[in-house]
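**Q** Residue numbers (my numbering): 35 to 414.
For the record, the hints were derived by calculation from the structure and aren't laboratory data.
For lysine-lysine, the following DSBU-like pairs were computed, each having C-alpha atoms within a straight-line distance of at most 35 Å:
1. K349 with K389
2. K304 with K212
3. K247 with K359
4. K393 with K349
5. K389 with K238
6. K317 with K247
7. K359 with K349
8. K317 with K393
9. K304 with K359
10. K317 with K389
11. K304 with K384
12. K317 with K238
13. K384 with K349
14. K304 with K393
15. K349 with K317
16. K359 with K389
17. K238 with K384
18. K212 with K277
19. K359 with K384
20. K304 with K277
21. K247 with K384
22. K247 with K389
23. K393 with K247
24. K247 with K349
25. K359 with K238
26. K317 with K359
27. K304 with K349
28. K304 with K317
29. K393 with K238
30. K384 with K317
31. K393 with K359
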Amino acid sequence: MSEGLLRDVYITGTGAFLPGDPVGVDTMEDFIGRIGGRSSAVGRRALRWNGVETRHYALTPEGRPLHSNASMTAAATRAALDDAGLSVGRLGHLATATTQGDYIVPGHASAVHAELGAGPIEIASYQSVCASALMAAKGAWLQVRAGEAEVAAAAAGEFSSRWFRPEFYEGTALVDAKGRARVEADFLRFTLSDGAGSVIMEPKPRPDGLSLKVDWIDLTSLAGRFDPCMWAGSTFADRADMKSAWSHAGPVAAHASGSVALVQDFELLKIVIRAWIGVWLEKVDQGRIVPDEVDHLLCHYSARSLREEIVSVLKSTAAMIPEEKWFSNLPTVGNIGAASIWVMLDEFMKSGRAKRGEKVLLIVPESGRAMVGFMMCEVV
Numbered sequence: 035m036s037e038g039l040l041r042d043v044y045i046t047g048t049g050a051f052l053p054g055d056p057v058g059v060d061t062m063e064d065f066i067g068r069i070g071g072r073s074s075a076v077g078r079r080a081l082r083w084n085g086v087e088t089r090h091y092a093l094t095p096e097g098r099p100l101h102s103n104a105s106m107t108a109a110a111t112r113a114a115l116d117d118a119g120l121s122v123g124r125l126g127h128l129a130t131a132t133t134q135g136d137y138i139v140p141g142h143a144s145a146v147h148a149e150l151g152a153g154p155i156e157i158a159s160y161q162s163v164c165a166s167a168l169m170a171a172k173g174a175w176l177q178v179r180a181g182e183a184e185v186a187a188a189a190a191g192e193f194s195s196r197w198f199r200p201e202f203y204e205g206t207a208l209v210d211a212k213g214r215a216r217v218e219a220d221f222l223r224f225t226l227s228d229g230a231g232s233v234i235m236e237p238k239p240r241p242d243g244l245s246l247k248v249d250w251i252d253l254t255s256l257a258g259r260f261d262p263c264m265w266a267g268s269t270f271a272d273r274a275d276m277k278s279a280w281s282h283a284g285p286v287a288a289h290a291s292g293s294v295a296l297v298q299d300f301e302l303l304k305i306v307i308r309a310w311i312g313v314w315l316e317k318v319d320q321g322r323i324v325p326d327e328v329d330h331l332l333c334h335y336s337a338r339s340l341r342e343e344i345v346s347v348l349k350s351t352a353a354m355i356p357e358e359k360w361f362s363n364l365p366t367v368g369n370i371g372a373a374s375i376w377v378m379l380d381e382f383m384k385s386g387r388a389k390r391g392e393k394v395l396l397i398v399p400e401s402g403r404a405m406v407g408f409m410m411c412e413v414v
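Given the sequences, and given the hints that come with them, work out the whole structure.
**A** Here is the structure:
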């Protein structure tokens, strides 16, 4: 379709779902459990590093699930549809994102569609880590832009806490003879939260209230330059060798080797951060992002210390956007992976900060195998 036939696209509704009551730092380990019955040696350090004060978990301290990833994602999508003044029956395209869905197969979108109780619609599942939210957004945006759908949802959900229970680590190579979990695994247990977020896209702005005109969405994968930085499905040593993935070893051997658990290479993360910033600088050099024209920046980051590192690098460049323009809810909801950016956007749009004519830039870096996404919007 030629450029002249493409339609403008607007976010007309946002929604979020956060399970249970906020959980404070003193009780987080009660929910994810204690490996070998012992308190984590790195948990307090991880929480100081990430600056999270409260977060939400979709399970009880006994490990009983209160929701599914799909049910939370569906709840957030219903909230977004309600915000847009639309019924579920109006939805024509559902694009979903997640790091780890409820099933291995089929995709997350099938499960979310079933939970929504919607009639026959088109669906698409996007699976990665945090940036999968913008993968889904670009898919939904293009559907509406090309005239393939009149109402599309881009939704993301995470149920990370169930993967952090002790049984994923005990009796595996991730725990030493003294019962201590490997730092790269244990540290991550105090990094991620549960929840879901969703946005609704239409070819016209809502008749009442504010909408966001989506100007563009860019995604850049740097997987050709880096080994996995955050992954599940392989050992540390063999993570870049697809023939050594968990499925070749079989589930029992994979669990014993620690290949089933989610882990993070924090040394590699320090290098990947600079690669993300490099893409950001390229956008500025190309004129794709003009920092002085950005009124609000919603940048997803997993920890307060990572924000500080990003800012310290950007301050010496022309790409820096003043911190008073940054909006974040990390301290109160934590890092919800792919859902983070939509939960953040929902809170931002309901905060009263957005004014007509302002530019809102969303940035979602992903440590999975080094990726970063950008979305530029205008408040209308």
